[in-house]
Every structure is written in C-alpha cells, then in structure tokens.
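**Q** Given next are the chains, with one letter for each unit.
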Amino acid sequence: GAVVSQHPSRVICKSGTSVKIECRSLDFQATTMFWYRQFPKQSLMLMATSNEGSKATYEQGVEKDKFLINHASLTLSTLTVTSAHPEDSSFYICSARSPWLAGGGDEQYFGPGTRLTVT
Amino acid sequence: DQQVKQNSPSLSVQEGRISILNCDYTNSMFDYFLWYKKYPAEGPTFLISISSIKDKNEDGRFTVFLNKSAKHLSLHIVPSQPGDSAVYFCAASGVETSGSRLTFGEGTQLTVNP
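Here the protein sequences come in this chain order: A and B. Okay, so the first sequence: first residue is 553 according to our numbering, each after it adds one. Okay, so the second sequence: first residue is 24 according to our numbering, each after it adds one.
Okay, chain B solo, but in the shape it has when bound (with noise of 0.2 Å):
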C-alpha cells in the first residue's frame, strides 16, 4: 500500500526555469511533510517541510504548496540550476498514524539542463 506516491520517476528542465515536482497521499492522518534531496551513494538532504496547518512554505529558491483536499503537494524550484540534478522524495508523517516514521515516495529524478 503505497501512501505516499510520486508519479514522476523524472523530470528534465533548462537551467533558469521552475522545476515542479509533485507528490500524492493517500492517508488523511499525515499532517506533516517534507522534501529531501538527493544524490547518488550519499543520503538524503533535508530540503523543505510544511506543516498541515499552513499551504505554503517558502524558502530561498524552494517553495513547498500543500492542497489538503486533494492529498497533493508540490515542490517548485526557481530558478533551475544544473546543480539542483538529484533525485527528490516527498515523505510524509502524522503523529496519529506513526509517530516521528516517515514515508517516503518512490522519489523524482530531476535534471536541469545547462
């Protein structure tokens, strides 16, 4: 049962435009979400959270939307840079379904292209 899902395997872009990244859930119990970053053999970066309270998390170039109704989030990047090239998971929590676990989607392989 995957809860947390990344229809995207990947995504290419031109440097200097918005990367968009988009994520699904399933469970309504998850009030807490975030974006990590990352790169091969290394582990994952923390990138971006957000609260189920709020519907927009802004920081420098990277902006997380929440839309409760739907079960979606979004991760925009802008602008692109080629150093941004990673593979980025969504991950999910809720303290009424797991405690402090994250779920993790299947995760996006982004390229920005010079």
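Just chain A, same shape as in the assembly (with noise of 0.2 Å):
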C-alpha cells in the first residue's frame, strides 16, 4: 500500500517551454502532497505543500509563479514550470500524506521522481 506514482519520469524540454509533472496516489486518499527538489549529491529540498482543494504554500525563494502547483483532488497534484531555464534542470520529487493509513504520523510517501532537462 502507499503508493505513488510520477509521470513523466524523465523529460527533456527547449528553453522557455513549460512542463508539466503529474503526482498521484494510487491507493491512498491524500489530505497534503509536497513537491521536493534535489541537486545532485544534496538533501531533498521542500519547495512547496499543498491540500486538497486550496493553495500551494511555498517555502521562501521559491517562485510561485514559475512553479504552479494545482492540487484538484485528493489523487492528483501537479507541478508545472512555467518558462523553464537550463538552471531549473534538476530531480524533482513528489510525496503524498494521508492521517488515515496505518500508523498515522507524518510519514510521507515519495514517487519515483522527474529527471527534467532544459536545454
């Protein structure tokens, strides 16, 4: 149980073009979902949570308007970045949150990841 799932897995996109990355929770109804970035041998970067049905709260130094968040249900939240640059390139990770599944701390459960490309 307590699976999520990413897609794309990797992608690779032009300078100035916008992607968009899908998060969802397979078996599991999630109340938040988090965005992660992660640089190459450093720690997972909070760069965004987001409820079911409300706005994105967005940790200091992250864009909110180059990195859209929409969390329209609770088995989908999506991270667009809009305008991507070569400097965005980077793993971006997805988690999902739900008090109902079985030991109810504040575990979390990542996806796979999203290797993105801007060249």
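Incorrect hints may have been included.
As the list claims (entries may be wrong) - Below, in silico cross-link-like pairs of lysine to any residue (SDA-like), each with a Cα-Cα straight-line distance of 20 Å or less:
hint	chain 1	residue 1	chain 2	residue 2
1	A	Lys593	A	Pro664
2	A	Lys593	B	Glu129
3	B	Lys60	A	Met597
4	B	Lys28	A	Pro592
5	A	Lys572	A	Thr630
6	A	Lys593	B	Leu34
7	B	Lys60	A	Ser595
8	A	Lys593	B	Asn30
9	B	Lys61	A	Phe643
10	B	Lys28	A	Met597
11	A	Lys593	B	Lys60
12	A	Lys616	B	Arg124
13	B	Lys28	A	Gln590
14	A	Lys593	B	Ala64
15	B	Lys60	A	Gln558
16	B	Lys61	A	Arg562
To be verified - Cβ pair distances, simulated, as ranges:
hint	chain 1	residue 1	chain 2	residue 2	range
17	A	Gly605	B	Asn90	37 to 43 Å
18	A	Ser570	B	Ile76	42 to 48 Å
19	B	Gln104	A	Glu611	33 to 39 Å
20	B	Gly106	A	Thr609	33 to 39 Å
21	B	Thr134	A	Gly605	41 to 47 Å
22	B	Asp82	A	Thr609	30 to 36 Å
23	B	Ser75	A	Pro592	30 to 36 Å
24	A	Lys616	B	Met52	23 to 29 Å
25	B	Thr134	A	Glu611	28 to 34 Å
26	B	Pro102	A	Asp617	46 to 52 Å
Stated by the list, open to error - Here are a few chain B residues that face chain A, going by a calculated C-beta distance under 10 Å:
hint	residue
27	Lys61
28	Ala64
29	Gly66
30	Pro67
31	Phe69
32	Phe112
33	Ala115
34	Ser116
35	Arg124
36	Gly128
37	Glu129
If you're looking for bench data, these hints aren't it; they were derived computationally from the structure. Beta carbons: idealized from backbone N, C-alpha and C, even for Gly.
Given two chains presented individually in distinct reference frames, assemble the corresponding complex, making use of the accompanying hints.
**A** Below, the structure is given as structure tokens:
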C-alpha cells in the first residue's frame, strides 16, 4: 500500500517552454502533497506543500509564478514549471501524506521522481 | 540553519555486520522522526519511524533509537546486506513547528561490501 506515482519519469524540454509533472497517490487519498527538488549530492529541498482544494504554500525563495502547483483532487497534484530555463534542470520528487494510513504519523510516501532537463 | 544533521556523508561496512547511521537535531519541538532509504534516480522509500514518546522502535533488521536528551537518533541495520547500499536520510517533524512538513538531513551513503 501507499504507492505514489509520478509522470513523466524523465523529460527534456527547450528553454522557454513549460512542463507539467503529475503526482498521483494510487491506493490512498492524500490530504497533503509535497513537492521537493533534489540537486546532485544534496538533500531534498521542499518547494511547496499543497492541500487538496486550496492554494499551495511555497517555501521561502521558491517562485510561485514559476512553479505552479495544483492539487485538484485527493489523488492528484501537478507541478508546472513555466518558462523553463537550464537552471531549472533537476530531479523533482513529490510525496503524499494521509492521516488515515496505518501509523498515523507524519510519514510521507514518495513518488519515483522526475528528471527534468532543460536545453 | 540546518536543523537536522547527518555528519557522516558516507559509511562502509562488511556484509553481515551492523550498520549504524547517526542523525542529530537541534529543534527541541520535533516530536516525530523518520528514516528513508534512497537509490539513485528514485524517490525515497520510507523505512521506519519513531515518536518522541518512545526511545526504540524495531522492524525486522532495522531498529531506530532516539535519545531525546542528546537530540540524537540512530538507525541500526543488522545484519547488513549488499542490497542495503543506498543513501539514508533521517527526517523530523513537529506539529508545533511545521505541521506535517518534514525536515531532512543531508543523507549518508551506506555501502555494504560483499
């Protein structure tokens, strides 16, 4: 149980275009989804937290107009990188949390990640 | 301000021996701690967690110990297996500090040699 998927797993796009990444909780309803970014050999950097049906809360330094997050249902959140630039190239990972899962703690279940390369 | 620190970037152990991964935190409001395992180009996988009301939690080969007075937790893997080779992240959360947000350490690369 607690499976999270991401699509696509890998995407290459040209500078100036937009890219949408989907995050789905497959076997549970996620009240909260999180988006992270990971640079090589670095820890996970939280970008934003989103609750279903409400606006995402962005971390300091993350441009909300550049990284658009939509959490339209309890099983789907999307991250759109708008007007992508080469410096946006990174590994983006989503996670999902549900208070109804066994354990009931703050466990987050992660997707497999999306490798974005902007040329 | 790094509130969760894993001071060892890497650890190498022999197969069959014990692996001990350490993590320190500074925020006394953290009350829930987790360990994740991550392979390259994959998302982290949840391993084990512990609430601050406990000092030990065990799940198969994995045991997490929490020392609240020292603000220190450790993950013991015994016996270690080559498939355990991965990056291990500790994470912490606290309702009073961040709701359900997790604060991650920098990670420790564990290599288990056959």
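**Q** Now tell me if each hint is right for this structure.
**A** We went through each hint and held it up to the structure:
1. Distance hint between lysine 593 of chain A and proline 664 of chain A is fulfilled; the C-alpha atoms sit about 17 Å from each other, no more than 20 Å.
2. A threshold of 20 Å between alpha carbons decides the hint, and for lysine 593 of chain A with glutamate 129 of chain B the separation of about 9 Å falls inside it, so the pair holds.
3. With a C-alpha separation of about 16 Å, the suggested pair lysine 60 of chain B and methionine 597 of chain A falls inside the 20 Å cut-off, and the hint holds.
4. Taking the CA atoms of lysine 28 of chain B and proline 592 of chain A, the gap is about 18 Å. The hint holds against a cut of 20 Å.
5. Taking the CA atoms of lysine 572 of chain A and threonine 630 of chain A, the gap is about 7 Å. The hint holds against a cut of 20 Å.
6. For the suggested pair lysine 593 of chain A and leucine 34 of chain B, the alpha carbons sit about 15 Å apart, so the restraint of at most 20 Å is met.
7. Between the alpha carbons of lysine 60 of chain B and serine 595 of chain A the distance comes to roughly 12 Å, so the proposed pair stays at or under 20 Å and holds.
8. Taken as a hint, the lysine 593 of chain A and asparagine 30 of chain B pair is honoured in the structure, with Cα atoms around 14 Å apart against an allowance of 20 Å.
9. The hinted pair formed by lysine 61 of chain B and phenylalanine 643 of chain A meets the criterion: a straight-line CA distance of about 13 Å does not exceed 20 Å.
10. Our distance criterion of 20 Å between C-alpha atoms is met by lysine 28 of chain B and methionine 597 of chain A, whose separation comes to about 14 Å.
11. Taken as a hint, the lysine 593 of chain A and lysine 60 of chain B pair is honoured in the structure, with Cα atoms around 14 Å apart against an allowance of 20 Å.
12. The hinted pair formed by lysine 616 of chain A and arginine 124 of chain B meets the criterion: a straight-line CA distance of about 18 Å does not exceed 20 Å.
13. Straight-line distance between C-alpha atoms of lysine 28 of chain B and glutamine 590 of chain A comes to about 17 Å, which keeps the hinted pair within the 20 Å bound.
14. A hinted pair counts as satisfied when its Cα atoms are at most 20 Å apart, and lysine 593 of chain A with alanine 64 of chain B qualifies at roughly 11 Å.
15. Between lysine 60 of chain B and glutamine 558 of chain A the alpha-carbon distance is near 18 Å, which keeps this suggested pair within the 20 Å criterion.
16. Between lysine 61 of chain B and arginine 562 of chain A the CA atoms are separated by roughly 18 Å; this keeps the pair inside 20 Å, and the hint holds.
17. With their beta carbons about 40 Å apart, glycine 605 of chain A and asparagine 90 of chain B fall inside the hinted range of 37 to 43 Å.
18. One distance hint, 42 to 48 Å for the beta-carbon pair serine 570 of chain A and isoleucine 76 of chain B, holds here, with the actual separation near 46 Å.
19. For the pair glutamine 104 of chain B and glutamate 611 of chain A, the supplied restraint of 33 to 39 Å holds, since their beta-carbon distance comes to about 36 Å.
20. One distance hint, 33 to 39 Å for the beta-carbon pair glycine 106 of chain B and threonine 609 of chain A, holds here, with the actual separation near 37 Å.
21. Taken as a hint, the range 41 to 47 Å holds for the pair threonine 134 of chain B and glycine 605 of chain A, whose Cβ atoms sit roughly 44 Å apart.
22. Against the hinted window of 30 to 36 Å, the Cβ-Cβ separation of aspartate 82 of chain B and threonine 609 of chain A comes to about 32 Å, which satisfies the hint.
23. Distance hint check: the CB atoms of serine 75 of chain B and proline 592 of chain A are about 33 Å apart, consistent with the given range 30 to 36 Å.
24. Separation of lysine 616 of chain A from methionine 52 of chain B is about 27 Å and conforms to the stated range, judged on CB atoms against 23 to 29 Å.
25. Judged by the Cβ atoms, the range 28 to 34 Å given for threonine 134 of chain B and glutamate 611 of chain A holds: they are separated by roughly 32 Å.
26. In this structure, proline 102 of chain B and aspartate 617 of chain A meet the distance hint of 46 to 52 Å, their C-beta atoms being roughly 51 Å apart.
27. The interface hint given for lysine 61 of chain B is met, as the beta carbon of that residue sits about 8 Å from the closest beta carbon of chain A, less than 10 Å.
28. Hint status for alanine 64 of chain B relative to chain A: holds, with the closest Cβ pair at about 7 Å, below 10 Å.
29. The interface hint given for glycine 66 of chain B is met, as the beta carbon of that residue sits about 4 Å from the closest beta carbon of chain A, less than 10 Å.
30. Annotation: proline 67 of chain B was flagged as interfacial toward chain A, and the flag holds, the nearest CB pair being 5 Å apart, inside 10 Å.
31. Interface restraint check for phenylalanine 69 of chain B: the shortest CB-CB distance to chain A comes to about 5 Å, inside 10 Å, so the restraint holds.
32. The interface hint given for phenylalanine 112 of chain B is met, as the beta carbon of that residue sits about 7 Å from the closest beta carbon of chain A, less than 10 Å.
33. Nearest Cβ of chain A to the Cβ of alanine 115 of chain B: about 9 Å, under the 10 Å cut. The hint holds.
34. With its C-beta approaching chain A no nearer than about 4 Å, serine 116 of chain B sits inside the 10 Å limit, and its interface hint holds.
35. Look at arginine 124 of chain B: its Cβ gets to within about 6 Å of chain A, closer than 10 Å, so that hint holds up.
36. At its closest, the beta carbon of glycine 128 of chain B sits 7 Å from a beta carbon of chain A; the interface hint therefore holds under the 10 Å criterion.
37. Hint on glutamate 129 of chain B holds. Least Cβ distance to chain A is approximately 5 Å, under the 10 Å limit.
Consistency with the previously given hints is maintained throughout, with no hint failing.
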